[in-house]
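Asks: Residues per chain, in single letters:
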Amino acid sequence: MKRKLVIAVGVAAMMTGIAACGGDSDAEGAKDKDGNKVLKVWVMDGSAPDAWIKEVNKEFEAKHEGVKVEVEEQKWNGIQEKVTTALSEDTPPDVIELGNTQTAGYAATEGLADLTGDKDKLGYDGWNKGMVASAELDGKLYAAPWYAANRVVIYDKKIFKDAGVEAPTTREEWLDGLKKIKKSNDKAQPIYLPGQSWYVFAGLLWDEGGDLATQDGDKWKGGLATDEAASAMNFYKELQSLSKAPKDKDEATPQQSTDIVPKGNVASWIGLGWEAGGAVAAIEKAGGKADFGYFPIPGKTADKPGSVFLGGSNLAIAERSKHKDLAKEWLALAAGKKQMAKYSEEVAGGLLPNNDDAQFTPEAGSFAEAMAKSAVSGKVTPVTPGWANVETEPNPVKEYMSKVLKGEDPKKAGEAADKVINERINRK
Amino acid sequence: MTVHSQGVVTSAPEDAPGRAAGDAHNPPPPTGPNEVLTPSRGRRRLPTGLLPYLLLTPAAVSLLLLLGYPLIRNVILSFQKVNAKELITRKPEWIGFDNYGELLTSSTFWTVVVRSFVFMGTTVLLIMVIGTLLGILLNSLGKAMRLVLSIALLMAWATPIVASVTVFRWLFDEQFGVANWFMRTLGFSGYDQHNWFETGTSTLAIVMVLITWGSIPFVALNMYAGLTTVGAELYEAARMDGASNTRIFRSVVFPILKPFFLITTFLEVIWVFKAFAQVYAMNQGGPDGESQTLPVFAYVIGSGQQQYGVAAAISVLTILILVAAMSFYFRLILKEEDEQ
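Residue numbers (this note's numbering), protein chains in the order written: chain W, 47 to 474; chain D, -2 to 337.
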């Protein structure tokens, strides 16, 4: 009796432990509240200004009676798992915002609706060609480009002025200026740069002529065990040594724009338009006043700004959406020229719209102006469906950066990272 | 069948615990299991026929549904290739033992296995030693202090996992952590901005402290409960024979409470081995996967990298490894039973 009990307890305990590791998901009915059809839209944190998206939905609901648009804001952190799970469900969100580095990966999973036949309705011809590339796979269209953006250096004008430092145009000037701030101001950190800000590193790598991964026949291979990566990392290390930011975190943990910068004593940081906006809002909410200046990430020479990752988002429709036609209508409206012009205005040019004609002329001295200046050096991550695998956590590029910053040999760390990249990027 | 377990008690001071003493010559206070079982013996014959099975049905059905079904699904999944694409299209591809082959030949997997065992072994040892000592302390304290200690232990036990992980992360924070302050105060250098999560070993050491802290109350309170069943006259007799405290523990307390030690260690091994939230929430298995234990490894491969088939294979292997490792323990428990 007792023996059996003991065994039963043991087995039950073991099974509970292991079976508990599974995931779960809820499938809400995406229909019918008061008899209305519900169109569910997922947008990312910082993508859709409130006023703008309300306006879009109002116009849409007026046109389509009995339809309600429900917008859910998602965080970037862990988004891939979330989107994959959502796309596998019977009632996925109808419209999903996808990062431009991940769209090809999702297109390859067959989870996105093919929009090739709707090009005219969506306004394909007016789209920025550079942005469309990330929404296409094997000649088919899987998403509408929405916006693009790149990072610039955001600086505290007062701290820079007190230290007698001007906005730099070359890497050398940049470092000299930061060192000068360090000498004259013992309270502020010259730059807040966490060790795993890998989009910043990618820019430096492109400046050196390297790339995160290159195509080699029909395979891809990682590019971190290279001299280019070593010298890019070398410069990153020098910058990072002027920062008090942790070496094993990225810019989102803690969120630099709202958790770090508003506390003050950050002379400069590298961020996107929505991050700058978030910091300004947080400072004003606390009763302060933000006085930010902006400059493009300096290049090796003054004639060309440093390379930057041209980030951005596309809007896709889930293959399993129950309201595909409505979703297409919504897409045509939201990503259409008229609404994109309003969008561009709403974000004050801080995000580039998918249509060049909808571009808002940025104010002098604004984030948008600095961003437009550096856009000429914009580049994207390797264009292959496998790239999305590389970006999942633990991200080999981030681990590589942390290792080098902690003193490991860049070649050795690069080889370890390339091994992971090769395995993931070629995974079918 | 457990009638004779008192025999162990009586033979304690002299003999090694065990087989002798089928017939006890003096009746010591019965140990726990006896007390429970004796009254039930009279009633045991009452429920006949269907009733016992009927009573068992709800538990059995819910076990089968909630554990059996996922377990079977998991095993099936482990023979399939299910990445993001297969998950979304719902067309898993049968690949036989490929997932297993890939894992068993990967050095990463074996590193994680070894790490999991070292981690589990050390933690369980710590828990059992400190828990037992605290149990003894509870038993020898006066009423008021015992209450205070019990409450303190219960509080530690009742703290939700993620909340306690958060507190531990703060304790070991790079900039404001009390751990760095403490080391500085003690006069150690290099703790101005020491990053406690810089290596996997250091990260796991902190997790170990956390799990030990959270698990000691269970052992200590059980130990205390067990100790209350050891009669005071046994101590007196042992003292009269001139036994020291350690000797009393070794020759009186330990043999009596051996079933307690067996089952508690057994449970702790399972609990620590499967600890997921503590390890994952502490540092997501980082840096660079160096603090991944088997459950975290399975999660990172599955949910993180969307290779659900491989993750299922990891969890099946985890069960098999754990069963293999625990089989000696099963044997030990069974042998113990047979001897009695």
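Keep in mind that the hints are not guaranteed to be accurate.
[As the list claims (entries may be wrong)] Listed next, the stretches of chain W that the computed footprint assigns to chain D, with coverage defined by at least 3 CB atoms under 8 angstroms from CB atoms of chain D: (1) 101 to 113; (2) 155 to 162; (3) 321 to 335; (4) 432 to 443.
[Unchecked claim] Every beta carbon over 12 angstroms from chain D, so not counted as near; a handful from chain W, in silico: (5) T131; (6) Y152; (7) D208.
Hints in this document: simulated from the structure, not taken from any laboratory.
The structure displayed is predicted, hence computed values, not measured ones.
From the three backbone atoms N, C-alpha and C, an ideal C-beta is built for every residue, glycine too.
Asks: All hints are to be evaluated individually against the structure, with a verdict given for each.
Replies: Tested hints:
1. Judged by the Cβ-Cβ criterion of 8 angstroms, the stretch 101 to 113 of chain W is not covered by chain D as claimed, because only 0 of its residues qualify and three are needed.
2. Check on the stretch 155 to 162 of chain W: 3 of its residues sit with their Cβ under 8 angstroms from a Cβ of chain D, so the three-residue criterion for coverage holds.
3. A stretch counts as covered by a chain when three or more of its residues have a beta carbon under 8 angstroms from one of that chain; for the stretch 321 to 335 of chain W and chain D the count is 0, and the coverage is violated.
4. Residues of the stretch 432 to 443 of chain W with a Cβ under 8 angstroms from some Cβ of chain D number 4, which satisfies the need for three, so the listed coverage holds.
5. Once the 12 angstroms rule is applied to beta carbons, T131 (chain W) is inconsistent with being away from chain D; the minimum gap is 8 angstroms.
6. Distance to chain D contradicts Y152 (chain W) as a non-interface residue, since its nearest Cβ pair spans about 8 angstroms, not more than 12 angstroms.
7. Look at D208 (chain W): its CB is around 25 angstroms from the nearest CB on chain D, clear of 12 angstroms, so calling it non-interface holds up.
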